[in-house]
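Engineer: In our numbering, the protein residues as written are 1 to 193.
Quick caveat, the hints were computed from the structure, so don't treat them as lab data.
Beta carbons are placed, not taken as given, at the ideal position from N, Cα and C, and that holds for glycine.
There's no promise every hint is true.
For each label pair, taking beta carbons as the anchor points, the in silico distance ranges come out as [claimed, not checked]:
1. K126 <-> K61: 37 to 45 angstroms
2. Q134 <-> R85: 50 to 58 angstroms
3. D83 <-> E146: 54 to 62 angstroms
4. L123 <-> R172: 35 to 43 angstroms
5. E127 <-> W150: 28 to 36 angstroms
6. V31 <-> K168: 42 to 50 angstroms
7. Y33 <-> E180: 18 to 26 angstroms
Here are the simulated SDA-like cross-link-like pairs (lysine to any residue), alpha carbons at most 20 angstroms apart as the crow flies [claimed, not checked]:
8. K165 <-> T177
9. K14 <-> Q65
10. K147 <-> K170
11. K170 <-> R133
12. K61 <-> D83
13. K13 <-> L123
14. K143 <-> R133
15. K20 <-> K61
16. K104 <-> K126
17. K14 <-> N137
18. K147 <-> K131
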Amino acid sequence: MNCTKFLVTGQDKKQLTVVKNTLTTNGYIFVGYSSDPTSLLRYVRNIQPDLLIMELSYNFKDLKQTIQVIDEELLSACILLLDSRNDEVLEFLKNTRIASYLTKPVTNDVLLQIADLSMSNFLRIKEYEDKLRQLNNTLENRKVIEKAKWILVEKDGYTEMDAYKIIKKKSRDNRITMHEIAEAIILARGSDC
1 MNCTKFLVTG QDKKQLTVVK NTLTTNGYIF VGYSSDPTSL LRYVRNIQPD
51 LLIMELSYNF KDLKQTIQVI DEELLSACIL LLDSRNDEVL EFLKNTRIAS
101 YLTKPVTNDV LLQIADLSMS NFLRIKEYED KLRQLNNTLE NRKVIEKAKW
151 ILVEKDGYTE MDAYKIIKKK SRDNRITMHE IAEAIILARG SDC
């Protein structure tokens, strides 16, 4: 069963009702409606929908910054509903990771396909971002440990392997991470390098 929460925003209530009915009858969970573009970001952060459907009958410029923040922070997948093809919006969407668009009138099948694809892509991007963050943390930890090892090698004459074993043993004995031990070594002994 689909447990995707969605939020709709815009002025065209008739079109948004069609969107809401189509998605809810296919297992999506409706969590709210917003007609005010200025409070939309706060609403998205509070409700945390998986999918945001934005009907763009009002000025795109009002929503552009909000969409950028949602994209940068990976708050939710977005589908923009346009009255017609709009080159400004399309150019903007080329630089986003989480937004796609549909032109009105929206058919049920197309909406469901785009919603499913948008969610799939959003989850994949979120997973890649998490992996990238983990890899960056691992790399930073290794850099700090290498620096601490170098301090032990240079100042105390340990071999590289022995320096690593010392950091590892202190980590185990004190039940803290090797990164924290390495930082302590750098703070205590690294300043006089």
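Engineer: Next step is simple, just say for each hint if it's right about the structure.
Structural biologist: Hints and how they fare:
Range check, K126 to K61: about 27 angstroms between beta-carbon atoms, so the 37 to 45 angstroms window is missed. Distance hint for Q134 and R85: a CB-CB separation of about 40 angstroms, inconsistent with the stated range 50 to 58 angstroms. Between D83 and E146 the CB atoms are about 57 angstroms apart, so this pair conforms to the stated range of 54 to 62 angstroms. Between L123 and R172 the Cβ separation comes to about 37 angstroms, which falls inside the hinted range of 35 to 43 angstroms.
Between E127 and W150 the beta carbons are some 35 angstroms apart, a value that agrees with the proposed interval 28 to 36 angstroms. The hinted range of 42 to 50 angstroms is satisfied by V31 and K168, whose Cβ atoms lie roughly 48 angstroms apart. With their beta carbons about 47 angstroms apart, Y33 and E180 fall outside the hinted range of 18 to 26 angstroms. Distance hint between K165 and T177 is fulfilled; the C-alpha atoms sit about 13 angstroms from each other, no more than 20 angstroms.
The suggested pairing of K14 with Q65 is violated, with an alpha-carbon distance near 26 angstroms, which exceeds 20 angstroms. Between K147 and K170 the alpha-carbon distance is near 16 angstroms, which keeps this suggested pair within the 20 angstroms criterion. A hinted pair counts as satisfied when its Cα atoms are at most 20 angstroms apart, and K170 with R133 does not qualify at roughly 27 angstroms. Taking the CA atoms of K61 and D83, the gap is about 15 angstroms. The hint holds against a cut of 20 angstroms.
Only pairs whose Cα atoms come within 20 angstroms are accepted, and K13 paired with L123 is rejected, the gap being roughly 28 angstroms. The straight-line distance between the Cα atoms of K143 and R133 is roughly 15 angstroms, inside the 20 angstroms bound, and the hint therefore holds. Our distance criterion of 20 angstroms between C-alpha atoms is broken by K20 and K61, whose separation comes to about 25 angstroms. Note on K104 and K126: the hinted pairing is violated, with a Cα-Cα distance of about 29 angstroms set against a maximum of 20 angstroms.
The hinted pair formed by K14 and N137 fails the criterion: a straight-line CA distance of about 48 angstroms is larger than 20 angstroms. The suggested pairing of K147 with K131 is violated, with an alpha-carbon distance near 24 angstroms, which exceeds 20 angstroms.
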